[in-house]
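Visitor: Numbering-wise (the numbering used here), the sequence shown opens with residue 38 and increments by one.
Source of the hints: derived by calculation from the structure; they are not laboratory data. Warning: the hint list may mix true and false statements.
As the list claims (entries may be wrong) - As a list, the in silico SDA-like pairs of lysine to any residue whose alpha-carbon atoms are at most 25 Å apart:
id, residue 1, residue 2
1, 185, 247
2, 270, 202
3, 270, 247
4, 122, 104
5, 241, 223
6, 122, 168
7, 182, 199
8, 241, 144
9, 267, 247
10, 93, 81
11, 183, 254
12, 185, 262
13, 182, 129
14, 122, 105
15, 266, 254
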Amino acid sequence: MLTTSYGPLQPYRPSLPRSSTVCLITGGTQGIGRSTAELLVSQGWTVIVSGRNTTKGDEVVQSIKASGGEATFIEADVSDQQSVKALHQKALSIYGRLDGAVNNAGISTDSQLLGDASTTEFEKMWRVNVLGVFWCMQEQLQIMKKQKSGHIVNLASIAGLHGIHYSGTYVATKHAVVGMTRTAALEYAQSGIQVAAVAPGAIKTDILNNAIEAGAYSEESISSMFPMKKMGKPRDIAQAISFLLHSDYATGSILEVDGGLGAA
38 MLTTSYGPLQ PYRPSLPRSS TVCLITGGTQ GIGRSTAELL VSQGWTVIVS
88 GRNTTKGDEV VQSIKASGGE ATFIEADVSD QQSVKALHQK ALSIYGRLDG
138 AVNNAGISTD SQLLGDASTT EFEKMWRVNV LGVFWCMQEQ LQIMKKQKSG
188 HIVNLASIAG LHGIHYSGTY VATKHAVVGM TRTAALEYAQ SGIQVAAVAP
238 GAIKTDILNN AIEAGAYSEE SISSMFPMKK MGKPRDIAQA ISFLLHSDYA
288 TGSILEVDGG LGAA
């Protein structure tokens with residue numbers, strides 16, 4: 038074991054939360070959301086998995102419980118404000134508190150130049166990616182302010198930090214998420230609440246697979262854009278989310294997990 042002037046150098050392991058620590062994950066039935074739920078449960082969290090697909094949600098919860106974890110599925114549609122309110126009310130009625138929240142639900146229907154983009158599709162994305170996060174954050178901030186504690190992690194994207202060809206409207210939604218994250222971090226910094234975001238690069242999820250199937254990109258062309266020359270996996274993002282949920286000094290951070298693109 039290596040030794041420093043501070044003593045033995047230990048590998049990083051997130052401190053395990055108390056058994057009552059509860060985290061809500063929107064878009065938790067697949068991809069990054071499911072991977073995050075599974076990782077957090079392995080670290081001692083109780084998770085609330087939320088999404089629109091009841092069949093997938095129940096399957097995730099059953100899998101978690103079979104492994105000895107604690108989880109609940111609550112059906113919700115983040116594009117509907119009343120559904121978001123009901124989601125958080127039900128979460129509180131079951132567990133009585135909310136220590137962490139991962140606002141992961143999002144969609145992308147982009148595959149055109151900005152001048153050819155559909156207003157209807159833009160409005161659909163805005164309602165899920167921006168208003169959905171906004172409504173969730175409003176509920177979460179009110180709950181956590183009363184508790185005087187809590188961590189919120191939003192799913193942004195490298196599209197929230199850069200421009201991307203054929204993705205203008207999606208880029209706009211993720212820039213909005215970054216802006217809301219940073220503003221909330223400033224506003225609630227002295228309320229015991231930390232707000233941060235993860236900005237994934239190219240991760241093998243349904244959103245990216247849809248773009249590939251639409252012909253906007255190929256997996257090879259996407260991988261070639263990143264210094265590591267490969268796409269990431271949902272667990273790569275889950276690990277970053279876990280770090281932010283356990284951190285005591287990362288509020289306002291936009292953590293890029295992008296295979297080195299941000300360093301280029």
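Visitor: A separate judgement is required for each hint: does it hold in the structure or not?
Guide: A quick look at each hint next to the structure:
1. 185 with 247: 40 Å, violated
2. 270 with 202: 22 Å, holds
3. 270 with 247: 16 Å, holds
4. 122 with 104: Not satisfied, since the Cα-Cα distance of roughly 30 Å exceeds 25 Å.
5. 241 with 223: Outside the cut-off at roughly 32 Å; violated.
6. 122 with 168: 13 Å, holds
7. 182 with 199: 32 Å, violated
8. 241 with 144: Satisfied, since the Cα-Cα distance of roughly 14 Å is no more than 25 Å.
9. 267 with 247: Holds: residue 267 and residue 247 sit about 18 Å apart, inside 25 Å.
10. 93 with 81: With a Cα-Cα distance of about 22 Å, the restraint between residue 93 and residue 81 holds, given a limit of 25 Å.
11. 183 with 254: It is violated: about 46 Å lies between the C-alpha atoms, which goes past 25 Å.
12. 185 with 262: With Cα atoms ~42 Å apart, residue 185 and residue 262 exceed 25 Å; violated.
13. 182 with 129: 14 Å, holds
14. 122 with 105: The hint is violated at about 29 Å.
15. 266 with 254: 15 Å, holds
In this structure, the hints that do not hold are numbers 1, 4, 5, 7, 11, 12 and 14, in rising order.
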